[in-house]
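These protein sequence lines are chains A and B, in that order.
Counting along the first sequence from 1, when you hit position 369 you're at 369 in the working numbering, and nothing is skipped either side.
Counting along the second sequence from 1, when you hit position 220 you're at 220 in the working numbering, and nothing is skipped either side.
These aren't lab readings, by the way, just hints derived from the structure by calculation.
The structure presented is a predicted model; accordingly, all values stated were derived computationally and were not measured.
Be careful, since some hints might not be right.
Rough simulated footprint, nothing fancy, chain B against chain A, three-plus residues with beta-carbon under 8 Å [said to hold, decoys possible]:
#1 34 to 48
#2 221 to 235
#3 242 to 250
Every beta carbon over 10 Å from chain A, so not counted as near; a handful from chain B, in silico [said to hold, decoys possible]:
#4 I15
#5 L149
#6 G195
#7 I248
Below, simulated SDA-like cross-link-like pairs (lysine to any residue); rule was C-alpha separation at most 20 Å, straight line [said to hold, decoys possible]:
#8 A:K104 x A:Y205
#9 A:K576 x B:Y153
#10 A:K316 x B:Y153
#11 A:K145 x B:Y153
Backbone N, C-alpha and C define an ideal beta-carbon position, used for all residues, glycine too.
Chain by chain, the residues:
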Amino acid sequence: MNRILNRNLICGTVLVLALGIASCTKKGGSSGSRELNLTSSAKIKGLDPIQAGDLYAGRQVANAYEPLFQYHYLKRPYELIPALAESMPTFESSSGSAASTVLKVRLKRAVLFQDDECFKASNGKGRELTADDIVYSFMRLADRKENAEGWWIFDGKIKGLNEWRDATPAGKNGDYSAKIEGLKALDRYTVRIELTKPNNQFLYYLAMPFTSIVPKEAVEHYGADFLRNPVGTGPFKLVREESNLNSKLVWVRNPTYRQEMYPTEGEPDDKAKGLLEDAGKQLPLVDKMIVQVIPEDQPRWLNFQSGKLDLTGIPKDNFDSTISADMDLNAEMMKKGIVLHKAPNLDVTYTSFNMEDPIVGKNKWLRKAMSLAYDINPVIKLFYNGRAIPAQSPIPPGVFGYSSQYRNPNVDYNIEKAKEFLAKAGYPGGKGLGTITLLGLSTSQARQQSEYFVNSMSKIGINVVVKAFTWPDFLKNMNDKKGQMWGLAWGADYPDAENFLQLFYGKNKAPGPNNANYVNSDYDRLYKEMLNLQNGEKRLEVIKKMVKIVEDDVPWVFGTHRIGFTLAQPWLRNYKVIEFDHNQEKYLNIDVARRSQGL
Amino acid sequence: MGAYIIRRLLYVIPIVIGVSLLLFLLFNYLGKDPALVMAGKHATPERIAEIRTELGLDRPILVQFGDYLRQVATFDFGRSFSNRQLISDIIWNGMWPSLSLALPAFSMTLMMSITIALMVAYFRGRALDRIIVILCVMGMSIPSLAFILFGQYFLAYKLPEYIGIELFPISGYDMSFPWPYVILPAIIWVSVSLGTDVRFFRTAILDETHQDYVRTARAKGLSEQVVFFKHVLKNSMIPILTYVVIQIPFLIMGTLLLENFFGIPGLGSILIDALNTEDLPVIKAVATISCLFLIAGTLMTDILYSVVDPRVSLK
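Whole structure, please, built from the sequences with the hints as guidance.
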């Protein structure tokens, strides 16, 4: 054979061998370090708390930053406890008003920001957190120039804040030296917040990643690069030279993290599950955490099966090979010692009607007919592998106001009744109705679910046409009301029924979260009444009335409340499903000896 | 040659301006309103108007176009809407992971496909030729996603169970030493590309073997090897060169599927994220740079023609 061929063959072979040898590693358990290996299924767009608009960014932000409050890791129902705050405050009345709209929050002492070059005055040593930092962080959330994704949670809520925001000239940063009536540092460790009106959910907002506290020095020092250079009071510190938001984040224990201990109490069976073995220990429990960005299901799944990831969900395509018919781990997984965690998500999926549409929005019998023609059980089997329950109302299990006994008559699949109601709507057999437009996403699963909806409606003679979009286009078309129906889901921002019932409040119409553009004055009146009530009999009564109104008007075809299935490696300690898992990593621990044995 | 290159470079200027004008109109006027995209779904009309002013979208169109030409000339496309990072940094940081995969994979594919194509053309009509052509067609018929899924599952995950050594990581990337992480994706790239490339190169080589000069060379008594590797190969380089060189500018884009499945933070996946989040400045910058690289690629092709074929005049 020719010299050229020989040379090419030899070069190619040597190249492949060299690179192959370079990539060889011995198969087996990993090193003996207390290191967490986690994954994110989407890229992290940034680590600035005010832009943490999705759960992927929110989880990573919570490693470096802390808000004033957090959720007790083990107790259920979910309970707010102090994080940076010293204790749980209560609302007080402001002078000249009977309404309880004032919060005085006292901060913990000796909480330090992590060491960073931005603290020039102290030669890079992180300084103590003060009340001024709270004021600064909340003003920054309101600053128009920052275009904060999280602004909506404070919009119209804190006295004087909207006025400060509106007074800023276009294109300029706000004046942070200005005084805001409802946001003041009373002394070094006390913040006074005055609301525009009573709001029982406000404390929940102060547990969201958006309201995490940042130091002014870091924002000014890093400027537009602050997104990639977190400087917080949180349990972990980012190793910047090894991290890339598009592929991998490496966190190490923050050596100056405040004193915070693993909880000493939880639910009655937490002790038996081993969740109290680290009670009283200083957090975080691990030295290092690596978060790999793996958008695709297969590599995430294979990495978990190889022991390279400590935690994963179960991809739809791998469900049957992992879970047995009785919805538990199969024998092969159990033999490896892998642990399955199941818990209901605080969410609801639904297909919403556009209540401003002249056809679907103005014809209740039509909406009832379509709701009765949709059988949710095959959806649960086909698209969720059985990991969901039919939703009867917007409130999911685990949230006050949910009732396992309540049955929504519009959710009970009944083709004959659907045809009857369709005739009552003036469209017997679908005649004269025309085509209904359904907006959906262009992902393969969303298309399949839309197809199922189309087939369901065709059984009663209704012709549905699907328009599929990418997520940004879908949102735009929905907010512009360019369709008659659209499929969505809502996950809880905080564990309160208000977060779900606000989806029907008239003032929250698109572009707000009331995507159905539903308006009912009775409902709105009850909603405002519910806002001012604490959980109890009276509030439950009001919630029941609101749910009944939604049942009568059928602004949605209800879908499901999903159940989360998470797999954990046998060496992962202290994992408990928590809906608001922003700062869960600090509680997790690794059994180093068990890990070194591998799977 | 020097005069030719200078002349071609001068021709490039109106081409770049024309392409820039098209892209400018596409992104600033025919596509979505950038201010609307940046403002987000909760923005008020007043806020949208403010953003239009901040972005300079209320200036005269010629001023905006001039600004865009300045961006093109300086490779300074401003900041991303979604993460505020300098776009030049995004492209610079994304380019290297893409190239760390694309360059070795492309080189290996080229070496192997030319070698195999020469072999099958040399043994044309015989069993070896037929078998390889069948394999090439089979390879072309299998979707690239299938190669990726099977390759990752069997070579990265299953194989270590049998041999006790992990030859390839399942996914991941190390900016400081990426080579172990790109070998399996590169092998998959080669497997996907080999079929198409071998068939193309084989055709280009075989076309040359039917030329008169080949008959003359054989008639003069030259051995088949000399005819093939000295005369035919060189003359078949023009179509091969065109095919190969035109792909080089796009190597920086990497390949989206491979990058996504193997966790390589390259430009391909960055672009898809930008498309999904409507990060218009990033999309515009990548489109601009791709066009510029394509223009540079065609210029390079023209110049290389004269190297392989003296008949091609550079006048």
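Hints versus structure:
Figure legend: the segment 34 to 48 of chain A, annotated as covered by chain B; annotation consistent (3 residues with Cβ-Cβ distances under 8 Å, at least 3 required). Against chain B, the segment 221 to 235 of chain A contributes 4 residues with a C-beta closer than 8 Å to a partner C-beta. That satisfies the three-residue criterion, and the hint holds. Only residues whose C-beta sits within less than 8 Å of a C-beta in chain B count toward coverage, and the segment 242 to 250 of chain A has 5 of them, enough to reach three; the restraint holds. The claim that I15 (chain B) is not at the interface with chain A holds, since no C-beta of that chain comes within 10 Å of its own (minimum 32 Å).
At the 10 Å boundary, the C-beta of L149 (chain B) falls inside the reach of chain A, the nearest C-beta of that chain being 6 Å off. The non-interface label for G195 (chain B) is consistent with chain A: the shortest C-beta to C-beta separation is roughly 17 Å, beyond 10 Å. Interface exclusion of I248 (chain B) from chain A stands, the closest Cβ pair being 19 Å apart, more than 10 Å. For the suggested pair K104 (chain A) and Y205 (chain A), the alpha carbons sit about 15 Å apart, so the restraint of at most 20 Å is met.
Using a Cα cut-off of 20 Å, the hinted pair K576 (chain A) and Y153 (chain B) is violated, with the two alpha carbons roughly 30 Å apart. Among the hinted pairs, K316 (chain A) with Y153 (chain B) is consistent with the structure: their alpha-carbon atoms are about 17 Å apart, no more than 20 Å. Pair hint K145 (chain A) plus Y153 (chain B) does not hold up; C-alpha atoms about 48 Å apart against a cutoff of 20 Å.
Figure legend: structure checked against the earlier numbered hints; hints not met, in rising order: 5, 9 and 11.
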